[in-house]
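Asks: Here are the chains, one letter per residue:
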Amino acid sequence: MAKTNPGRFFEDYRLGEVIAHAVPRTVSGGERALYHALYPARHALASSDEFARACGLPVSPMDDLITFHTVFGKTVPDISLNAVANLGYAEGRFLAPVYPGDTLRSESEVIGLKQNSNGKSGVVYVRTTGRNQDNQSVLEYVRWVMVRKGNLDAPAPDTTIPELADVVSPDDLVLPEGLDFTGYDFALAGEPHRWGDYTVGERIDHVDGVTIEEAEHMLATRLWQNTAKVHFDATFRPDGRRLIYGGHVISMARALSFNGLANASMIVGLNGGAHANPCFAGDTIKAWTEVLGKAETSAPGVGALRLRLVATKGAPFELKGEDGKYLPDVLLDLDYWALVPV
Amino acid sequence: MAKTNPGRFFEDYRLGEVIAHAVPRTVSGGERALYHALYPARHALASSDEFARACGLPVSPMDDLITFHTVFGKTVPDISLNAVANLGYAEGRFLAPVYPGDTLRSESEVIGLKQNSNGKSGVVYVRTTGRNQDNQSVLEYVRWVMVRKGNLDAPAPDTTIPELADVVSPDDLVLPEGLDFTGYDFALAGEPHRWGDYTVGERIDHVDGVTIEEAEHMLATRLWQNTAKVHFDATFRPDGRRLIYGGHVISMARALSFNGLANASMIVGLNGGAHANPCFAGDTIKAWTEVLGKAETSAPGVGALRLRLVATKGAPFELKGEDGKYLPDVLLDLDYWALVPV
Amino acid sequence: MAKTNPGRFFEDYRLGEVIAHAVPRTVSGGERALYHALYPARHALASSDEFARACGLPVSPMDDLITFHTVFGKTVPDISLNAVANLGYAEGRFLAPVYPGDTLRSESEVIGLKQNSNGKSGVVYVRTTGRNQDNQSVLEYVRWVMVRKGNLDAPAPDTTIPELADVVSPDDLVLPEGLDFTGYDFALAGEPHRWGDYTVGERIDHVDGVTIEEAEHMLATRLWQNTAKVHFDATFRPDGRRLIYGGHVISMARALSFNGLANASMIVGLNGGAHANPCFAGDTIKAWTEVLGKAETSAPGVGALRLRLVATKGAPFELKGEDGKYLPDVLLDLDYWALVPV
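One line per chain: the protein sequences are W, F and E, in this order. Letter 189 of the first sequence, counting from 1, is numbered 188 in numbering that gives the first Met the number 0, and no numbers are missing. Letter 342 of the second sequence, counting from 1, is numbered 341 in numbering that gives the first Met the number 0, and no numbers are missing. Letter 203 of the third sequence, counting from 1, is numbered 202 in numbering that gives the first Met the number 0, and no numbers are missing.
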């Protein structure tokens, strides 16, 4: 039994250590096809080689969230196997597109530690980097999780809370080399709305809904080699329910947001995010978006929108109660930067 | 909310207009593998590169119905989002094989319009063409749907009902360039039955059955980027049931028909089709076929069979009641041309 | 109806005959991605092209069990469509890795026949060989099944029971050409345990569990073109339950065994196996392993472990009752050779 991985406990993390995560993964058209089967994903750039070439890329890149899930999944056995909660994301940047045939691996640096006052758990902050076979960084983001202590007598580490930006500065966004939206085909992409058509404060109800099935969220979560047993084993929780991987909700909401944001073609920044409430099979997920900001970029024809994407089981545009807490129907509150033709 | 696609209503269509449908799609071995996982598809030509080469093709083509679903799925946001019913198909022809790496897009021409006498809806006839990255047509077919009016006061258009052939003439069938069945390996294909072994009027019970799951039909329908919410959102219909995409039934029945028609290797024509009754998760689909016609072709060793493929929840060979209406267990009545070694 | 395949009955087999199984199959990154979605498979060698190259292979091979299921699935219409029970496996050897783009086919030689004393069924022994497009053998194994007689009056054949080895001798194991574990990266692979760290008699509880869904086992079983209707048709068995393909349990248990056996990188031998009890949707599968043997190999840095892999719905390390029969919770008892870095 000593040979299985019990996961790390709070006292096992050291500030500054770098953890190389296991199981590199080569992605292909198989992962792309499955992504399209699991989510109603229709952004043309991640669907058509021809469309991507017309936008200056060599072939169609993998959906940005395939990159996110693949990089994230590798961190689970080292970071969140004993996590009580996934508390937040910050400073996420997509640094290079991932193409079929690329091989991804991940590493995380521990950048913050804070034991909780109850002495039973603590918060671990990591900066995770995904790299391809050329050692090029494709994604980095900060995540913090609450992790149980394995030995309650282990001494508390010095408290270090990293300073994290509330939002990734538009100047720090990295655009794919060669990206050019001057010849962007709005008819093929599915909607006529340009960067200039969106205004800060505007809210969009994405209208469509998807009812979630056990088989689907498990297929998705395994695809990213995410091993947290709470997603797979109906006997694990006392209530007999399998908790759905938060990333499944992110991808579902992002795909649903096509209807109204078809031209928000690529995700380049992840400013923050909260899994507001747990999601279970049988829930019907809908999504709405609020435009939080706009920025120009140096790439021809390319603007950036800062978007709040909310996944909900309830009515659109409802988020928090008078107590400042998320309403029970809200599943996800995600703040990201996307590229849009001007 | 103005940014989301409400779909077109009957009064939004103009005779002769050509609608370019959104979201081109590059297909790969991923779509093929998923097709084999979703359906018991075993036709050797669409399964093995070696087998396809022995039949004169460069590599194994995608199953013809992958082409159909991909082309069809793109039309949904423009044609059938507000459809009350999918009424029929005609004059369908597969014009060129689709191979892994090809990129498909669709366009539809409005070829007929007829407002219903109740003034609340009308019938729209479109001829849809699927094209690959070389602008080569890979599929065309006529479909007609009943679409709601959005504005009941909109004036009725002049009635135009296109003249449609009852059956695609064998002379108009297009065979893949180079196709040659003279070296066809019947043992590898799975059955010894040749074109000459089938007689007009013959009926075949395909014996096997598949019980349908929610997760499966949603995976399939999303894979084709078909966005009609009635397939995905359990809260959409008053009865809380998700209606299964008719194309899922077509593919299931076609795959089941392997048992008895293993050598009906390629679909080249779609003469007509009716989704006789709705299908829901939990239904067990079986299939039977009636041979409707036979034709020779100009390709070496290749004959054509005209086949009626019926999907049913009930007993084989039952189709319509004394009133001429489909019996309640019948799900699909499809009339197509397939290529068979002579 | 004469055109459908009724399957062979016991009296249809002749000692020494070789049956070429139908429907060759080209595999790609699509099958690999689906395998990762269906099972929590994480062995680095079958996940990353880079990792595989560092171990001396040209690219990442398909998971060995993809090869097994693909070869096995083709035999079903000829061998086990009328099988009452799948009785055992022996003398299984993986003879060459399968890579994306390879095309597989199968053939089986009847090597034994024994009619049961009740006269209603008999045992058929076959040696099945899977071959790739270069006619190279990739897998061979012996399987024996109990098959019903179709005609109870058919005479019993002479009884021939093949002599089968209890275990594949380590000297007979075939290692992939070029395989070299001297530069094996244990951190990327996920665990530090080497061949020398495992001792005969050691038992490992793999800890994790997966609850099985109907949609998932059907996707898997169809992916291998396995057509036995008992897996798909809920109306087939009197109890309305679909029996899960035994190979689904094998793959699930093998993938779960990563946790503790992450470096058991490749399966090269299959000594024996029993599907101890039927598995149904809703069951939660867990796995444990006992180390049965160890052997050196001629490849640099490569050792072999003989492992008993048990899939169970119950507690680890429980196998048989006092009567020598498998306990009701035990689903699978598999005896195999895997390659491990020394």
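Because the hints were derived from the structure by calculation, they are not lab data. Since we're looking at a predicted model, the values are computed, not measured. Warning: the hint list may mix true and false statements.
When chains are identical, the list treats them as one kind, so a pair holds in a single copy or across two.
Stated by the list, open to error - In silico EDC-like cross-links for lysine to aspartate or glutamate, where the CA-CA straight-line distance does not exceed 16 Å:
id, residue 1, residue 2
1, 2, 152
2, 293, 162
3, 324, 152
4, 119, 201
5, 2, 282
6, 2, 108
7, 293, 332
8, 228, 106
9, 293, 201
10, 113, 10
11, 293, 171
12, 319, 48
13, 324, 133
14, 228, 332
15, 113, 157
16, 2, 190
17, 324, 16
18, 119, 16
19, 324, 295
20, 319, 196
21, 2, 322
22, 2, 232
23, 293, 11
24, 228, 171
25, 148, 11
26, 2, 176
27, 319, 332
Asks: Give a verdict on every hint.
Replies: Do the hints match the structure? See the list:
Proximity of residue 2 to residue 152 under the C-alpha cut-off of 16 Å is found in neither arrangement, the shortest distances being 24 Å within a copy and 57 Å between copies. In this assembly of identical chains, residue 293 and residue 162 lie within 16 Å of each other by CA distance neither inside one copy nor across copies; the values are 24 Å within and 52 Å between. For the homomeric pair residue 324 and residue 152, neither the shortest alpha-carbon distance inside one copy (33 Å) nor that between copies (47 Å) is at most 16 Å. In this assembly of identical chains, the alpha carbons of residue 119 and residue 201 never lie at most 16 Å apart, being 43 Å within a copy and 34 Å across copies at closest.
With identical chains, the CA atoms of residue 2 and residue 282 are never at most 16 Å apart, being 37 Å at best within one copy and 26 Å at best between copies. When the C-alpha separation of residue 2 and residue 108 is checked against a cutoff of 16 Å, the pair qualifies neither within a copy, at 25 Å, nor between copies, at 41 Å. For a Cα distance limit of 16 Å, the shortest separation of residue 293 from residue 332 qualifies neither inside one copy, at 19 Å, nor across copies, at 52 Å. Neither within a single protomer nor between protomers do residue 228 and residue 106 lie at most 16 Å apart by alpha-carbon distance, with minima of 22 Å and 40 Å respectively.
For the identical chains of this complex, residue 293 and residue 201 are intra-copy neighbours only, at 12 Å inside a copy versus 60 Å across copies, given an alpha-carbon limit of 16 Å. In this assembly of identical chains, residue 113 and residue 10 lie within 16 Å of each other by CA distance solely inside one copy; the values are 10 Å within and 63 Å between copies. Taking the shortest Cα distances, residue 293 and residue 171 sit within 16 Å of each other inside one copy (14 Å), while across copies they are farther apart (54 Å). With identical chains, the CA atoms of residue 319 and residue 48 are never at most 16 Å apart, being 41 Å at best within one copy and 46 Å at best between copies.
Taking the closest pair of Cα atoms, residue 324 and residue 133 never come within 16 Å of each other, the shortest separation being 44 Å inside a single copy and 54 Å across copies. Taking the shortest Cα distances, residue 228 and residue 332 never come within 16 Å of each other, neither inside one copy (24 Å) nor across copies (23 Å). Within a single copy, residue 113 and residue 157 get their C-alpha atoms as close as 7 Å, which meets the 16 Å cut-off; across copies the closest is 74 Å, which misses it. For the homomeric pair residue 2 and residue 190, the shortest alpha-carbon distance between copies (8 Å) is at most 16 Å, but the shortest distance inside one copy (53 Å) is not.
For the identical chains of this complex, residue 324 and residue 16 are neighbours neither inside a copy (34 Å) nor across copies (51 Å), given an alpha-carbon limit of 16 Å. Neither within a single protomer nor between protomers do residue 119 and residue 16 lie at most 16 Å apart by alpha-carbon distance, with minima of 22 Å and 68 Å respectively. Taking identical chains as interchangeable, the C-alpha atoms of residue 324 and residue 295 are never at most 16 Å apart, the minima being 33 Å within one chain and 61 Å between chains. When the C-alpha separation of residue 319 and residue 196 is checked against a cutoff of 16 Å, the pair qualifies neither within a copy, at 28 Å, nor between copies, at 54 Å.
Taking the shortest alpha-carbon separations for residue 2 and residue 322, neither the intra-copy value of 47 Å nor the inter-copy value of 32 Å comes in at or below 16 Å. Taking identical chains as interchangeable, the C-alpha atoms of residue 2 and residue 232 are never at most 16 Å apart, the minima being 21 Å within one chain and 41 Å between chains. For a Cα distance limit of 16 Å, the shortest separation of residue 293 from residue 11 qualifies neither inside one copy, at 41 Å, nor across copies, at 34 Å. For the identical chains of this complex, residue 228 and residue 171 are neighbours neither inside a copy (36 Å) nor across copies (38 Å), given an alpha-carbon limit of 16 Å.
Taking CA atoms no more than 16 Å apart as the test, residue 148 paired with residue 11 passes inside one copy only; the shortest distance there is 9 Å, against 63 Å between copies. In this assembly of identical chains, the alpha carbons of residue 2 and residue 176 never lie at most 16 Å apart, being 44 Å within a copy and 30 Å across copies at closest. Proximity of residue 319 to residue 332 under the C-alpha cut-off of 16 Å is restricted to the intra-copy arrangement: shortest distance 10 Å within a copy versus 51 Å between copies.
Of the hints listed earlier, those the structure fails to meet are numbers 1, 2, 3, 4, 5, 6, 7, 8, 12, 13, 14, 17, 18, 19, 20, 21, 22, 23, 24 and 26, in rising order.
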